[in-house]
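Below are the chains, spelled out letter by letter.
Number of protein chains: 4
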Amino acid sequence: KTATLEDARRVIAAGEERARELGQPMNIAVVDSGGNLIAHERMDGAWIGSVDISINKAFTARSFDIETEALGSNSQPGNQFFGIHTSNHGRIMIFAGGVPLLSDGEVVGAVGVSGGDGKQDQTVAEAAASAF
Amino acid sequence: KTATLEDARRVIAAGEERARELGQPMNIAVVDSGGNLIAHERMDGAWIGSVDISINKAFTARSFDIETEALGSNSQPGNQFFGIHTSNHGRIMIFAGGVPLLSDGEVVGAVGVSGGDGKQDQTVAEAAASAF
Amino acid sequence: KTATLEDARRVIAAGEERARELGQPMNIAVVDSGGNLIAHERMDGAWIGSVDISINKAFTARSFDIETEALGSNSQPGNQFFGIHTSNHGRIMIFAGGVPLLSDGEVVGAVGVSGGDGKQDQTVAEAAASAF
Amino acid sequence: KTATLEDARRVIAAGEERARELGQPMNIAVVDSGGNLIAHERMDGAWIGSVDISINKAFTARSFDIETEALGSNSQPGNQFFGIHTSNHGRIMIFAGGVPLLSDGEVVGAVGVSGGDGKQDQTVAEAAASAF
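Note that the protein sequences, when read in sequence, are chains A, B, C and D. Each position in the first sequence, counted from 1, maps to that position plus 3 in our numbering. Each position in the second sequence, counted from 1, maps to that position plus 3 in our numbering. Each position in the third sequence, counted from 1, maps to that position plus 3 in our numbering. Each position in the fourth sequence, counted from 1, maps to that position plus 3 in our numbering.
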């Protein structure tokens, strides 16, 4: 069971709508149940450094079945997962904006958002995920 | 001057239409004038190994303002660019499927296609580019 | 739908039995439908350089739904996929020993074998896959 | 002198038994005296992001002949090894779950566990190592 391209488009569209409301252009990416990219869009004017981050936030959320924001709070210096951000060849993102996509309680993909501050990324990711 | 997200969507949609005619699911990616990803889509059932390849065919086509098929013919053993495929951290793709996007004779982006044999990838990339 | 750990163990055990018949210690790896490692074993005395190769032969066979030997024949200089071996961050293996695992005609994983010459690797991979 | 495949299987089996008791699926990996992977298993449902982490916790525990948890306490900001996690091409893991395997006081391999919180990973790694 996995998210499909049609799912990914709907999720990305919902995220972009929220990004426009915030007035902040974003990168939005969706991965499947294997952590592999289904679709990515960069809104005009969004940061080019966020292409990689959005894709890898989605990868991270699926890789550990967790929101990247929650993983991040466990990965600060002194906390139990500090250092996890150097694993998986630099693909683990430990700040807000990656959210798993669930179907019947099972994680079947994830969305990753990057382009604003942490609160904006998280807000857009949640709006995107809720369209799944 | 650069390709926009709206351009990328139109290009990808045209490529997917051609892919459906061929009955071969594809990965299609579009980069901007800076070689940076604007959008990527993987059709359901398309190879997961082609995510990276489609994005990097587009990167390559913009990086050298050339179709990847033409670059490939210059990059075979004994030819003038043999070895170029290991440059740029493995991002240079030297086989068919990457096509520059031109506006008034200027390269402002590129499309990359991967998911079939070389002829199929090239056919889809050309259909995609012609929608630009 | 994906190969499970129990599947992987059965596949690896069958491969190792064949490897013992050949008198050649091997690395054998199995990935799931997303290309992610399920299990790997290195028989005592097998090459340490083959750890990476066995895992990535399995990854490649799933990434393109093809035996790595067949991909290799398309990836020689002058052929349509020459250069593919530098894509996917060096994870694409284009010589014999990677075989997809099919269930009802669908690729749901793959096995990768490395430790001998090409013919030995392929023989062991086929024996392994046939236990799936 | 080094851990063998038979050792690795026994160690992994003991770890998996403990993981089942905890109700938490895990990735478990064993490396030899050279730090090279002997065997890895991912229990069904365990995180795919933990494949890399389990292998590299084992690599780290053998590379410095130390439990990764102890290395981690020396690698926090302000401590003597802070920064070590970016060495060795991102293979050094500085959180709980990697334990050396000793024979007659000599480190001859290591086990790495990833799939739960730090306490769970450590508990499973210790159970695994005690079967050596």
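If you are wondering where the hints come from, they were derived from the structure by calculation, not from laboratory data. Don't be surprised by glycine CBs; every beta carbon is placed ideally from N, CA and C. Each hint should be verified, as a subset may be incorrect.
Unchecked claim - Not everything, but these chain B residues come out facing chain C in the computed CB check (under 10 Å): (1) E9; (2) I56; (3) A73; (4) S117.
Said to hold, decoys possible - Per the computed footprint, the stretches of chain C lying under chain B, defined by three or more beta-carbons under 8 Å from a beta-carbon of chain B, are: (5) 63–75; (6) 87–98.
To be verified - Stretch-level coverage of chain A by chain D, calculated; a stretch enters the list once three of its residues show a Cβ under 8 Å from a Cβ in chain D: (7) 40–51; (8) 64–76.
Worksheet item: Which hints from the list above does the structure break, by number from lowest to highest?
Response: Going through the list in order, the structure violates hints 1, 3, 7 and respects the others.
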